[in-house]
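Enquirer: Protein sequence lines, in the order shown, are assigned to chains D and U. Here numbering that gives the first Met the number 0 is used: position 68 in the first sequence is 67, and no number is missing along the way. Here numbering that gives the first Met the number 0 is used: position 370 in the second sequence is 369, and no number is missing along the way.
One thing to keep in mind: the hints can contain errors.
What the hints assert, rightly or not - Here's a subset of chain U near chain D, in silico, CB distances under 8 Å, partners left out: (1) P142; (2) F145; (3) G243; (4) G245.
It should be emphasised that the hints constitute simulated quantities derived from the structure, not laboratory data. Ideal Cβ positions, reconstructed from N, Cα and C, are used throughout, including at glycine.
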Amino acid sequence: MAGLQFKDPWQEQRLFLSRVIAAAILVLLLSGVLVTRLVQLQILDHERFTELSQGNRFRIDPLPPTRGIIYDRNGIVIAENRPNWELVATAEQIDNLDRTLRSLEALGLVDPAEHDELRKLIRSHRGFERVKLTNLTEEQAATFAVRRHLFSGVDIQEALSRYYPFGDTAAHAIGYVSSISETDLERIDRSNYAGTSHIGKTGIERAYEDRLHGQVGYRQIEVNAQGRVVAGGARGAGDTGEFESKSPSPGENLVLSLDMKLQIAAQEALGDFRGAVVAIDPRNGDVLALVSTPSFDPNRFAAGMTRRDYVSLNTDPDKPLFNRALAGTYPPGSTVKPFIALTALQHEAVAPEHEIYCPGEWRLPGQTHRYREGRGGVHGNVGLHEAIVRSCDVYFYQLAVAMGIDNLSSGLTAFGFGAPTGLDISGEQSGIVPSPEWKKRNFSRREDQVWFPGETVITGIGQGYVLVTPIQLASAGATFAARGARFAPRLLLGTENTVTGEMTLLEPHALPSIEDHTAEHWQFVSDAMVGVTSETGGTALAQMKGLEFHVAGKTGTAQVITIGQDEKYREEDIEETQRDHGLFLAFAPAEAPRIALGIVVENGGGGARAAAPVARKVLDAFFAAENYVASEP
Amino acid sequence: MSLASLEWSRSATGGRKRGFRGFVVDMPLLLILFAIVGLGMVVLYSAVSAESGLLVRQAMRFAVGLGAFFVMAQIPPHYLRLFTPWMYFLGIGLLLFVAVEGQIGKGAQRWLDLGVVTFQPSELLKLAVPMMCAWFMHERRLPPTFPQLMVMALIVLTPALLIVEQPDLGTALLVIAGGGITILLAGISVRLMVVLGGLGLAALPVLWTFMHDYQKARVFTFLNPESDPLGTGYNIIQSKIAIGSGGLFGVGWLNGSQSDLGFLPERSTDFIFAVMAEEFGLLGVCLLLVLYLALVGRGLYIASQAQDTFSRLLAGALSLTFFVYVFVNAGMVSGLLPIVGVPLPLVSAGGTSMVTIMAGFGMLASIHGHRKLLAA
Chain D
0 MAGLQFKDPW
10 QEQRLFLSRV
20 IAAAILVLLL
30 SGVLVTRLVQ
40 LQILDHERFT
50 ELSQGNRFRI
60 DPLPPTRGII
70 YDRNGIVIAE
80 NRPNWELVAT
90 AEQIDNLDRT
100 LRSLEALGLV
110 DPAEHDELRK
120 LIRSHRGFER
130 VKLTNLTEEQ
140 AATFAVRRHL
150 FSGVDIQEAL
160 SRYYPFGDTA
170 AHAIGYVSSI
180 SETDLERIDR
190 SNYAGTSHIG
200 KTGIERAYED
210 RLHGQVGYRQ
220 IEVNAQGRVV
230 AGGARGAGDT
240 GEFESKSPSP
250 GENLVLSLDM
260 KLQIAAQEAL
270 GDFRGAVVAI
280 DPRNGDVLAL
290 VSTPSFDPNR
300 FAAGMTRRDY
310 VSLNTDPDKP
320 LFNRALAGTY
330 PPGSTVKPFI
340 ALTALQHEAV
350 APEHEIYCPG
360 EWRLPGQTHR
370 YREGRGGVHG
380 NVGLHEAIVR
390 SCDVYFYQLA
400 VAMGIDNLSS
410 GLTAFGFGAP
420 TGLDISGEQS
430 GIVPSPEWKK
440 RNFSRREDQV
450 WFPGETVITG
460 IGQGYVLVTP
470 IQLASAGATF
480 AARGARFAPR
490 LLLGTENTVT
500 GEMTLLEPHA
510 LPSIEDHTAE
520 HWQFVSDAMV
530 GVTSETGGTA
540 LAQMKGLEFH
550 VAGKTGTAQV
560 ITIGQDEKYR
570 EEDIEETQRD
580 HGLFLAFAPA
590 EAPRIALGIV
600 VENGGGGARA
610 AAPVARKVLD
620 AFFAAENYVA
630 SEP
Chain U
0 MSLASLEWSR
10 SATGGRKRGF
20 RGFVVDMPLL
30 LILFAIVGLG
40 MVVLYSAVSA
50 ESGLLVRQAM
60 RFAVGLGAFF
70 VMAQIPPHYL
80 RLFTPWMYFL
90 GIGLLLFVAV
100 EGQIGKGAQR
110 WLDLGVVTFQ
120 PSELLKLAVP
130 MMCAWFMHER
140 RLPPTFPQLM
150 VMALIVLTPA
160 LLIVEQPDLG
170 TALLVIAGGG
180 ITILLAGISV
190 RLMVVLGGLG
200 LAALPVLWTF
210 MHDYQKARVF
220 TFLNPESDPL
230 GTGYNIIQSK
240 IAIGSGGLFG
250 VGWLNGSQSD
260 LGFLPERSTD
270 FIFAVMAEEF
280 GLLGVCLLLV
290 LYLALVGRGL
300 YIASQAQDTF
310 SRLLAGALSL
320 TFFVYVFVNA
330 GMVSGLLPIV
340 GVPLPLVSAG
350 GTSMVTIMAG
360 FGMLASIHGH
370 RKLLAA
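Please work from the sequences and hints to get the whole structure.
Expert: Structure, rendered in structure tokens:
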């Protein structure tokens, strides 16, 4: 047989037939198994399953865990849970969903504009699940309570809802919780959120959702034919042999690095301006304050707002939902000068004592374009120290050209510009530190990829392509204050186990430190920054008068529009939204820094005028709270 | 065999003219198909809480399926054989395409958006894999040699691995079943079968490491559904309650509280068998089972009467694979097998599988209708 190479149809047919018969027998056997299983379920265990299905209908109620509380660094509560009434629906017990919803709308309990959305929400849950429709006021709860018998499947229940006692203060840092959306369902374990109606959407509430939420529990409860509870609590495990109850385990409490007193002071200091303040402890990266104005009240999200309210919040031209502190990118203006000076000293592009004459403008050799002083001043003879104190652009134009764009941009990158700082909540923008490589990567047309010498010139004063976020400014200031020791800014200091009360403190997140600069150079530039706030001609002298300690600072003014070669910047001629942004970078006390600030005041009209006063108020609040006494040098 | 006497597939010309057989309709197949789909629509009506929209869509799918049946029935088996490799490689190409470009539906890359309809290329492979195996063995001597077996293993496992990656373990296993059955019918020796079966068992731990977490969770849940009553165990618990409460005669059409009140998940698709069991009881389910067995029996009869290797293997494999679909779905819904997401053929709401199954039976009709009657 092994030697045969031709097909034998009859033999093959016989083989095939035997296989088909074997298969048919197997099919019948498997069918027999199936029928046996069905007989077992439908005949032998029929009564038990009927009881489970019909007689004593039971329901598994999820027991939502209590969300963790959020504290500031001094133990002040900034997010908690408060009892309130909510309207809930259980789909399987509602005869006609549309009619029920319309009746609730007629009573003023449910917003008719959300009819379709609620319908969808209820449909998206399992029939036995209780779905929260809305929060009720005391009055509404009373209105419903007397009519409860008319609504099968709808009920009121007391529940905990998220409450932010400080309202719009620190809203961008803490974030908010809001109803779980379809998109949220994609990224969570649905069964763990079976009894939870809200989820962290932004800020800390989102970043630490896992820790805050906790683990769901459940209990089995008996209900009668109408779905009303007849015997609360768990049935014994021996009763049906199916389920047990399990208590929920609450979420962890969080302790943040924020100092709410400082936060409030910073928010008040910004007043009605759009802008941002970030305060960081240079010794560990703790974010002491993180303000973005205008702000919003997160309680409105937690309570649930109407579509119209949300749209008006979202389309407000001042963009209150936008977190300027992390995602606002601004030309840094002269606030980059300390970093550029330090880098220039490192590369020996300049000697500290080197003086130039500043006539108020400068040209690149062989070119006609005039690079002017920001405010048209003439500084005369200035060295590097005076150039920082008085913010001389002409000096830094030449410094930038002398050190070259590659050194300049790597110097800025080392301080964390051009990349997210690594703050532990999401939403950070990278900003831009331009360089010839950056242009190659980010422009598609060849002629746009060329780096022009003039672009080096204006990068030297923080204009042109360079963009920074307020938190980058503060973080770079903190790195400077710590003489190169870098930390990723952090909002979370530690967590508290709600059951055992045990506190877990997190280690600061240290980054590789900057080792490129000598102690003399650090000191030289730091002294110049102190000069900004303390020497005659210093750009922030007036704003920092009368402090008992030294503040190292640097003002910055970012142009929003380009002023023509022979035009003059005249504020009264310019639309409010076209006016210059004011920036300020500072750390204090200069000798042993404990706070670094990054401040942006949008359209405030300049760093000295708009941003430095904000810094002063924040520093006053910080050191008043610390009862700071200046140590004699 | 009683079905053999139901030889109604006489066309108008009755096969008298050589080369032209007229319109091929295999009446026994068609009648059973109509009976199953009709019964399925009755159950579906209840499962979707008497909403007619889904029912109309299901009827339209059946209409498209009938079209596929009639088209396939007119194509003589040797033409089917000619375009088999094209169809197979087209299927592989489409699988590769969805892996890269496919739309993400339900978190898995399975769907191909054709603009008007979405289409699952893995469904095409359910037909193409047994066809390709039959095509490969057609000119060769049965039973297959070991190298030939290896080639067929490659034919089966290449698309199966692509489908596992989607990830769609259920469909992948069905594709493997389709190819494997073809190989078994080709006459692989019993000894080799045992060895390969042992290898298969040994491969299970390897497969386990390739499985996604949700698939592992399903297996755990299958072993102990009560461990997770709010999550994955919920489906199987509710499904068993639905089946069990149906009893011998069922609770009556549209009366199933498990399905009507929304306890039962996926009741119009994967779990429709439980709806049927609750409302029509053991008797109703047995009726459906008998109809399925009749279909499989007719298919095996056609296979036994087929006149060449390709037709024979294809007819046998398609019929037996169909039974595997039925058994896997009924088994998972009744808690015999883990939940792998396999619809109940011809009954569950769903487009592509209806069309491919009807096309498959169209091929059976063609194999039977295009026999050369000279020998008889």
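Enquirer: If a hint holds in the structure, say so; if it does not, say that too.
Expert: Now for the hints, and whether the structure bears them out:
no.: 1; hint: P142; in the structure: holds, 7 Å
no.: 2; hint: F145; in the structure: violated, 13 Å
no.: 3; hint: G243; in the structure: holds, 3 Å
no.: 4; hint: G245; in the structure: holds, 6 Å
The earlier numbered hint that this structure contradicts is number 2, and it is the only one.
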